[in-house]
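Assembly of the complex is requested from the two constituent chains, each provided in isolation within its own frame, with the hints serving as guidance.
Residues per chain, in single letters:
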Amino acid sequence: MTCLPEKTDKKLGLLIDLNICVGCHACAVSCKEWNTSGITGPMEDLKPYGDDPSGVWYNRIHSYEFKKEDEIDRTVYFPKSCLHCEDAPCVTVCPTGASLKRSEDGIVLVNPDVCIGCKLCSWACPYGAREYDTTGGVMQKCTLCVDKIYDETVSEERRVPSCVSTCPAGARHFGDFADPESNVSQLAAENDARDLFPEMETKPVNQYLPPRKREHHESKKLDHKVSTVKDALVKWAKLDFTG
Amino acid sequence: MTVENKISVKSTTCYMCACRCGINVHLKDGRIKYIEGNPDHPVNRGVLCAKGSAGIMQHYSPARLTAPLKRVGPRGSGEFEEISWDEAMSIATEKLRAVREKDPKRFAFFTGRDQSQALTGWFSAKFGTHNYAAHGGFCSVNMAAAGLYTIGGSFWEFGEPDWDRTKYFMMFGVAEDHDSNPIKKGIGKVKSRKDTKYISVNPIQTGYAAIADEWLGIRPGTDGLFVGALIAELLKSEQIDWEFLTRYTNSPWLVIDDPGSAKHGLFARDEAEKSLCYDLEKAAVTELIVGKSKPALIGSFKLSDGTKVVPAFQHIVEEFLGDGYELTKVEKETGIKAIDIERIAAEMAEVAFSEEIIIDQKWTDSYGNEHDQFIGRPVSFHAMRGIAAHKNGFETCRMIHLLQMLLGAIDGPGSFLYKPPFPRPTPPHKKNATASAAPGEVCRAEPLGFPSGPEDLAVDENGEPTRLDKAFSWEYPLAIHGMMHMSLHNAWAGDPYKVDVFMMYMANMAWNSSMNVKNAIKYMTDKDADTGDYKIPYIIYSDAFYSETVPYADLILPDTTYLERWDAISMLDRPIGTAEAAADSIRQPVLEPDRDVRPFQDVVLDLGARLGLPGMVDDDGNPLYPGGYSDYLVNHERAPGVGPLSGWRGEDGTSHGKGAPNKNQLRKYIENGCYWEFELDKAERYNRFANQAYLKTATKMGWMGSPDPIVLNVYNEMLQKFHLAADGHGDHQPPDHARARIKKYFNPVPTWYPVQEHVDNNSNEYPLSALTQRPAHMYHSWGGQNAWLRQLTSQNYLYINSKTATNQGISDLDWVWVRSPHGEVKVQVKYMEGVNPGTVWTWNAIGKRRGAWALDKNSPEFQKAFLLNHVISENLTTDDGEVRSNSDPVTGQGAWFDARVKIERADDQSEGLTSPMFEPVKFYDKHKRPDVLSYGFDKEQTFDQAERSLGKKEDL
Chain A
0 MTCLPEKTDK KLGLLIDLNI CVGCHACAVS CKEWNTSGIT GPMEDLKPYG
50 DDPSGVWYNR IHSYEFKKED EIDRTVYFPK SCLHCEDAPC VTVCPTGASL
100 KRSEDGIVLV NPDVCIGCKL CSWACPYGAR EYDTTGGVMQ KCTLCVDKIY
150 DETVSEERRV PSCVSTCPAG ARHFGDFADP ESNVSQLAAE NDARDLFPEM
200 ETKPVNQYLP PRKREHHESK KLDHKVSTVK DALVKWAKLD FTG
Chain B
0 MTVENKISVK STTCYMCACR CGINVHLKDG RIKYIEGNPD HPVNRGVLCA
50 KGSAGIMQHY SPARLTAPLK RVGPRGSGEF EEISWDEAMS IATEKLRAVR
100 EKDPKRFAFF TGRDQSQALT GWFSAKFGTH NYAAHGGFCS VNMAAAGLYT
150 IGGSFWEFGE PDWDRTKYFM MFGVAEDHDS NPIKKGIGKV KSRKDTKYIS
200 VNPIQTGYAA IADEWLGIRP GTDGLFVGAL IAELLKSEQI DWEFLTRYTN
250 SPWLVIDDPG SAKHGLFARD EAEKSLCYDL EKAAVTELIV GKSKPALIGS
300 FKLSDGTKVV PAFQHIVEEF LGDGYELTKV EKETGIKAID IERIAAEMAE
350 VAFSEEIIID QKWTDSYGNE HDQFIGRPVS FHAMRGIAAH KNGFETCRMI
400 HLLQMLLGAI DGPGSFLYKP PFPRPTPPHK KNATASAAPG EVCRAEPLGF
450 PSGPEDLAVD ENGEPTRLDK AFSWEYPLAI HGMMHMSLHN AWAGDPYKVD
500 VFMMYMANMA WNSSMNVKNA IKYMTDKDAD TGDYKIPYII YSDAFYSETV
550 PYADLILPDT TYLERWDAIS MLDRPIGTAE AAADSIRQPV LEPDRDVRPF
600 QDVVLDLGAR LGLPGMVDDD GNPLYPGGYS DYLVNHERAP GVGPLSGWRG
650 EDGTSHGKGA PNKNQLRKYI ENGCYWEFEL DKAERYNRFA NQAYLKTATK
700 MGWMGSPDPI VLNVYNEMLQ KFHLAADGHG DHQPPDHARA RIKKYFNPVP
750 TWYPVQEHVD NNSNEYPLSA LTQRPAHMYH SWGGQNAWLR QLTSQNYLYI
800 NSKTATNQGI SDLDWVWVRS PHGEVKVQVK YMEGVNPGTV WTWNAIGKRR
850 GAWALDKNSP EFQKAFLLNH VISENLTTDD GEVRSNSDPV TGQGAWFDAR
900 VKIERADDQS EGLTSPMFEP VKFYDKHKRP DVLSYGFDKE QTFDQAERSL
950 GKKEDL
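Protein chains in written order, with numbering that gives the first Met the number 0: chain A, 0 to 242; chain B, 0 to 955.
So here's chain B without its partners, still in its complex pose (with noise of 0.2 Å):
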């Protein structure tokens, strides 16, 4: 008997969430038989989640969209009328044209979960409109932001600890991350050293954090206070790295200390604009040359025009040894007892200071100065949600990074890691568009980029917001990624404007994506009193899968699965790859669509060709990319030799970073496994803000525009700015009723403030913080739906702890109300003990509408599952009296996790339904939905033949 082995495999991308991993897709017969992680790749090192090798459902959903889609009931009705390519083509190209020759703002797009920004963005900014963005505003911005202002890198997948060498690791509110197996597997190799103590401070004890040597049960939105507290203990006991300081941090420069004067706050700097310091041994302030100036950290001395100034470490000391972090008082407002907190600061300092890592190799830094060794502090922090969704927690990160900096643990051996293309310049050179263009015409920036001060706003002449969402306004300025969660309520208020087209891609924003739910209905179908049209006139979306959203939108632009398309995981947007190497990735399409759908890159670029705008057709005016998005990756080139692949550049291939285009690009990625990577000279390893070769090497591969040093900021001037700005001074003004709070939040020394919603009277009358997580098999990923993930979880309950639960009577598995000022939603509870007792949680985006994805009617995501959302608005009324975004207020961050709720036992027990249950949307009934899915291959052997062939294919 012959066997004929059909079994092909091909490399690419996963996208069951945004970790990024290669996988290797096993292909039989023209189906899916087996995705694994591919063990060459940088990311996963062949590790795959359950996400990622659940992939094959999601592959075949019977919620597939199948074909574009023209509404032809009212909004929400679900009723679609199937059209051709040809005709949705022509219908959005119509739409888009009218508003761009009319006002190009009027268009918002929107994209979700987009792994191609750096096209969309580029697109949006071609066609006029900067009212651009993703979803990070409500993901977690404030760690970007927070990170790339203050060191420029990040946590989020920009860096990470030295997995292999650190001693002490600490991590902050994360269930899951978008770096969702290198955690895993950097937790696994940390749990693997038993010298190696590893920490958890999150109000809630599953996956990462059960499995910590120490897990502190913090009370949310407090983790300032208590990392405040260990900065306070460590100065005190002069637990510093000093060297490190007065290196390669901003701490020795000298701040202008002339309260009332328009340079109050700002560095002092010479005539050529280089930053000063007091030199000890010349007894005088002089230009700071790092290796040779001998700069006071304290005191306070004069210019030469008598101008006072003090070193900006001068201010850190004042803010943490002044009033505020208290032990006492941060132990009541944390719950973390002061004894943990005296002890981990000593455990912490031992680790720096008593056990670094000496990495004998020669390195020269920025400065001239030539150094045998890298020293490496081997402690390490990792960051993210939980530290993010609070009104808090841009200065929380800041706070995080500023220990970091005091224990010179930042890009060394055994202690956080940059990955490249970070560092960068704090912040980044890439201004973001402060106006959309006039008809016809293009943005001067693309959308999203990094303001350096009030002069970089997107604000009209009175300082009001030129952006729909608000961001870069004078209320949110640092919101680099934009402030999606605002964006419908903002079209439908016509606040600051009205927009005619709104466009959004994998958003669902129609449910779990946005606070309030009902409300977010609402902005979707209201309709203008006197014209009979809806408020937001136009919506065009796409997608793979028949979401929530879908029944929403006028016009429906299918999306491929992953395995069918051709992507990019560009240096240009947000690139993979470790702390060792560079790396990006491609995803080549592994099997053939059978539906009547477009890869929706493909789409944007035959928009843009329609359109005719510039970057996207000739001078003759034809496509420049006629190939779709393949050919775009492979030619299009953002600046000379800059395109969105790094690798393989140049005609002949043999360039890396820069280089020509090469028309075999995509073959040798995948000849290469669909990735590329660049490894670091040993050299170029750490210290890199201030690694002469490595920035040398950045500046070569087109990372960085130069290789000047980057200085980490313990004081941020630019923060300064705005507050100066609010106080008056300067051409560029808010208006007064942003004044007060940007003087209040703007300070360039870390200082943490409680989120309005702990200091309101409401934390007696709601005197519990309501969390999410996302459980790690549905992280960032459309899972929900897929048959074997579902079976996982299906229904999500309220956890609570067994004593505040019993305190009020309510029982294991009790139905109860949650209540907010803003909502009221029916849940189950559920005891557990490993949660903080104020603290109750859910998993998110588990509770769907009926109708949507497929799925049956009576399926318990429907009837039992709930959203956390319908307690949560995107407005509250500010302690300055106005109504504002639930945002941090210098980031636009949606703030999911300052909820407050109370619970009370539901009368009724008996009937085990949720509430809100809203209308169902129309089912959806394109494909089969099996009641026994025996999903498999036909055999071709018994179990005989195939036990006792194990192992001797060569014999058959």
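One chain only, chain A, in its complex shape (with noise of 0.2 Å):
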């Protein structure tokens, strides 16, 4: 079994801001193209071009519909993808050491060199967020883009991770929740960010902003001061509307 960090010395992770998101898959695509080529990459696709085209995702959008008792339906959509939790269960599950927190940034791994395959990481996961990879008989996941947000090559306000940086709404952040004072922290604590799943006392460091509520909208009505054409006519007949 392998070992969790006691401690990391930053919370890397993703805000992800639900009362925004359009469910457009931008995140899900740009995370795809960077990381096919990435780390732990390829990332492969099944039958690309036949009757069941499927593949690995890092980052997957579902989309619910659900009703709360005093509102009307809405359409959810919710981006998921590894959250890096403080106390991984894939993590220490791992036969191999594999699957890997770093110490530095909190990041979660797999060692491509080193995973055999077993799955028992995907079984631990209650999020569902590992992807296994058929063709190189490996675990993948989201690797919070850790060979763009280090590299200095990139400049600085693009060295985060590909669907935070594609996001055309502005629905997804990257920060350090070790912080108080980082854009995520804030964000957190000035919109009520829920952990996924607390119950499962995973920690995870990934935080979601829950869809605001949509407030019962409270009857207002304008005074009518006409109401036919008549009125209308005479009353605003030769009035001087230019103030």
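Wrong hints could be hidden among the right ones.
[Stated by the list, open to error] To list a few chain B residues with every Cβ distance to chain A over 12 Å, as calculated:
#1 D212
#2 K307
#3 D601
#4 G620
#5 H655
[Said to hold, decoys possible] Each computed SDA-like pair below joins lysine to any residue, with the alpha-carbon atoms no more than 25 Å apart:
#6 K27(B) - T134(A)
#7 K901(B) - L812(B)
#8 K220(A) - T195(B)
#9 K237(A) - E716(B)
#10 K9(B) - N182(A)
#11 K429(B) - S299(B)
#12 K66(A) - K336(B)
#13 K224(A) - I338(B)
#14 K829(B) - Y63(A)
#15 K237(A) - K307(B)
#16 K328(B) - D230(A)
#17 K5(B) - E155(A)
#18 K188(B) - D50(A)
#19 K361(B) - A580(B)
#20 K237(A) - D269(B)
#21 K802(B) - E764(B)
#22 K262(B) - L232(A)
#23 K6(A) - E946(B)
#24 K856(B) - N182(A)
#25 K863(B) - R59(A)
#26 K229(A) - S299(B)
#27 K328(B) - D222(A)
#28 K219(A) - K193(B)
It should be emphasised that the hints constitute simulated quantities derived from the structure, not laboratory data.
Predicted model only: the values in this text are computed from it and were never measured.
Glycine residues also receive a C-beta, built at the ideal position from the N, C-alpha and C atoms.
So, in structure tokens, the structure goes:
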């Protein structure tokens, strides 16, 4: 079994705003194009031109309709990738040390050179965030674009995961949750950020901002000054409207 | 160990949809590693959508055509032989030369998602045919026409809400739009401000509508009633920006009130053709001087000759306070509750008039009045296909613009903002061609333009259409984007005449781009019984991919992908840009083609040169642009100093807008990330219809012919001219069969009417509206074949409100028949709650024809996915008993969203296959199609080495 670091210096992760996500899949495809050539790529596609196309996606967008008692039905888009948990069960369950959590930044990675493809980690992950690569016989997952965020050939403001730099709606934020002054910590504090499945006690680093509740609309009505054409023509005749 | 950094980055412009984002393409070993948004680019500022990121898979698609093809089997068989470009160009040239020498109009040229219309339209005019258009006629021309004829700009990508400041944003009928990423960025901003409200008016709650603060699941085609009811509420409560109306709109202009006369409904003008008002201070009819006159908006007055006149605004009052927009009626028709309409009107009024935004900035209006501030009414709107694709879309869109004008919410801080080069005169001063040329001649105008009265129609001496598609005829007078959706039918029927050569570019007319696919195919394969020749004798097609349309062409001119060519996103065409800055951009080839293909724009110029067309050859008959499209982009001048690209003009490259050609221009673009941006001065950013400094700049830059102010039209005199013609006035008379239609649909004041399908007795038999949307990850793209995107969607369902379904005993995932008066299609349903109960809908263009797009034969796109096109017809019997296009009667916009259907549970649930399933087209096997695709690059390091080296590249 593999050990988790006692403490990580940073807690790098994503803050995803479900109040803004329009389900456009920009993040998912940008993730795919970066990471298929990345440190743990390639990300295979099975029958890409065939009858049941499927493949490895580190980031998937689910959509749901739900209704709370006092609300009308609504559609919610829910992007899901590895949450880089502090108590990551996918790491502790790993028999080979392939599944690892980095002590410097908390990023959870899988070393494909050591992974034996036993899939214990995917059973252990309560979020279904692991993806199995049939070609290499190894497990894959979100790397938080570890090979982009530290790349000094990339301009500083672009040194964020590909899903964040590409998100058109600005629904995805990246930063250090260990630093209370960071953008993600601040946004989380201001906006009622939530853990996903807190009852699983995995202490996920990634946080979600829930969809803002649709307010009930207070009835309002403008005072009518005129109600018919005749009224208006009489009242407005020869009025100077130039103020 | 050393790792050679072999990655190079080239900028260009995306073409995965119509948004035209700036991209940086990362290349390694001659292959694409990564495509990202260009952080500096004015359109997308670094973001990129799913389509854009999937460009890699598009570029390497196994459906790419590889060489010119000549048909050798019957049409539709897909039997081709590969030929050389020399042979292909010789064939095309001889075919076209023969047409041009005989009768140029018998060459029809329709381009689809063409972004080089400034070239293709110009080519057509030089050839001498006015039978040219792109796909706007079946896309969203209602929005363009209503906007340009009303406020001199339009929604579309030609304007945008002031995303940074708006406080109340209402969006109608948009699943995705040309401004794909700017809208997402904008909605993200709006949703990040807790004091800004966003309302979505859309029968379907997906995507943008899903995150709205309020969703109004309106009944399709009734939006105009809703808007009309809001207008009535604002009028009744006097929540109107009177000052805006009197200064910037034609509300005070006096309209002749003399029923039966040839001038009834036209503006009264003095000898100098100046518009008149009734000045309350002078108690007299006088010339209207903005800022000085005290014009009446209501009243009945007399001209010196005794003619009765009323201010235009009075007609607005009579329409919207009269019958037709009563809340009880509107609630019943739209499904939106009366109390919600009242509330929304109150909310809008409150934001507009109690939360105005003031920017302290000196500016001078076009009438010489000086102002210290820009005053914004931060209510904004955006609307697109959901309004456009109905037969009342033109009028509905005009009503939205009227609502904006009443609120004073046009081009002010927080409201809708124009993007330069808009606003333009209403309509722009570019006339359409009225006829094709004589043999060997050129057209007197480009095919598409803007009629300003019956005299500009493309009709013959009997008032019948001169264009193949009947655009600009008395049946569809303002069809400013043409009517591509009628072109194949009309060419087949010989109505109004036959053509000899039909050329298409990037338009899948044998499949998802045609209503009524079965007939579209028939039009291309039917033969003349007497001669045995095809009724459409010769079809030339250019595309980069093996689509459903390829097998129906006689000659295929294979195009490159968007990463292998030069292009211009030109101010002459459909520019990019933002409210604050004009912009244009280029594509540069980032990779060389590895196939025998050529950019279509090079081919067009080559054809023009071979045909000796004016403007494409010099006096000796040599090609003027031997370097192809990039040569043309730099050296072509449409008018002196005006070329396809606005940046770095002049011999030294220091002029912008106008200037002599600059041989280093493309290099300057590339150095600047392949775009040019021209920021407006702060005093030029608002009220641009009457902003003196802006209009001078616009004139200097070549966007406007003169700096005259643009008066916004609450009342459209030009539409009344058509009405008068139908009443029998004037020299230009409609044929009798069109008269009643013109009288009904051409009104100077926007007027709501129900679409025909909702009135016909078939609304009982066909109780449901049927709509389509494109998923954000495939909108306006060729993405259905894309190895990554098709994993996201490869089957479409018919989404139905669960209550509607259970009432009919239909369970989730059942197969049902969707039937309309025009056809039927078998589909699988999915329950949905966020959809209007009287509406069913699906994702469009997921269904494909077996054999096309290089997909395996059992792909879900062939077996389970479907097109709703099968239940929509391009022809309808209209209420005057004539068979006419299923299109808006003013603009010819294809009315995809008026379809009415019924659904019945299929007897056989086990088969799990869609119907109709057409015979397969011949499969395409020019490229390997791997069973497992592992796109990427060979690893140079172990994982441990790579991980250890993160961020320490200098140590390696």
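Hints versus structure:
1. For D212(B), the shortest C-beta to C-beta distance to chain A comes to about 6 Å, within the 12 Å cut-off, and the non-interface label is violated.
2. Distance to chain A confirms K307(B) as a non-interface residue, since its nearest Cβ pair spans about 14 Å, more than 12 Å.
3. Interface exclusion of D601(B) from chain A stands, the closest Cβ pair being 29 Å apart, more than 12 Å.
4. The beta carbon of G620(B) is kept farther than 12 Å from every beta carbon of chain A, the shortest such distance being approximately 47 Å.
5. H655(B), annotated as away from the interface, keeps every beta carbon of chain A farther than 12 Å; the closest lies near 27 Å.
6. Straight-line distance between C-alpha atoms of K27(B) and T134(A) comes to about 23 Å, which keeps the hinted pair within the 25 Å bound.
7. Between K901(B) and L812(B) the alpha-carbon distance is near 17 Å, which keeps this suggested pair within the 25 Å criterion.
8. Taken as a hint, the K220(A) and T195(B) pair is honoured in the structure, with Cα atoms around 20 Å apart against an allowance of 25 Å.
9. Between K237(A) and E716(B) the CA atoms are separated by roughly 23 Å; this keeps the pair inside 25 Å, and the hint holds.
10. Among the hinted pairs, K9(B) with N182(A) is inconsistent with the structure: their alpha-carbon atoms are about 31 Å apart, more than 25 Å.
11. Of the pairs offered as hints, the one joining K429(B) and S299(B) is violated, with about 36 Å between alpha carbons and a cut-off of 25 Å exceeded.
12. The hinted pair formed by K66(A) and K336(B) meets the criterion: a straight-line CA distance of about 20 Å does not exceed 25 Å.
13. Taking the CA atoms of K224(A) and I338(B), the gap is near 18 Å; set against the 25 Å cutoff, the hint holds.
14. Between K829(B) and Y63(A) the CA atoms are separated by roughly 13 Å; this keeps the pair inside 25 Å, and the hint holds.
15. Under the criterion of a C-alpha separation no larger than 25 Å, the hint pairing K237(A) with K307(B) is consistent with the structure, at around 16 Å.
16. Note on K328(B) and D230(A): the hinted pairing holds, with a Cα-Cα distance of about 21 Å set against a maximum of 25 Å.
17. Taking the CA atoms of K5(B) and E155(A), the gap is about 21 Å. The hint holds against a cut of 25 Å.
18. For the hint pairing K188(B) with D50(A), the CA-to-CA distance comes to about 40 Å; that exceeds 25 Å, so the pair is violated.
19. Only pairs whose Cα atoms come within 25 Å are accepted, and K361(B) paired with A580(B) is accepted, the gap being roughly 19 Å.
20. For a cut-off of 25 Å, the pair hint linking K237(A) to D269(B) stands: about 22 Å separates their Cα positions.
21. Among the hinted pairs, K802(B) with E764(B) is consistent with the structure: their alpha-carbon atoms are about 19 Å apart, no more than 25 Å.
22. The suggested pairing of K262(B) with L232(A) holds, with an alpha-carbon distance near 23 Å, which does not exceed 25 Å.
23. At most 25 Å may separate the alpha-carbon atoms for a hinted pair to count; K6(A) and E946(B) meet this at roughly 19 Å.
24. Pair hint K856(B) plus N182(A) does not hold up; C-alpha atoms about 50 Å apart against a cutoff of 25 Å.
25. Pair hint K863(B) plus R59(A) holds up; C-alpha atoms about 23 Å apart against a cutoff of 25 Å.
26. Taking the CA atoms of K229(A) and S299(B), the gap is about 13 Å. The hint holds against a cut of 25 Å.
27. Only pairs whose Cα atoms come within 25 Å are accepted, and K328(B) paired with D222(A) is accepted, the gap being roughly 20 Å.
28. Between K219(A) and K193(B) the CA atoms are separated by roughly 20 Å; this keeps the pair inside 25 Å, and the hint holds.
Hints 1, 10, 11, 18, 24, counting from the list given before, are not met by this structure.
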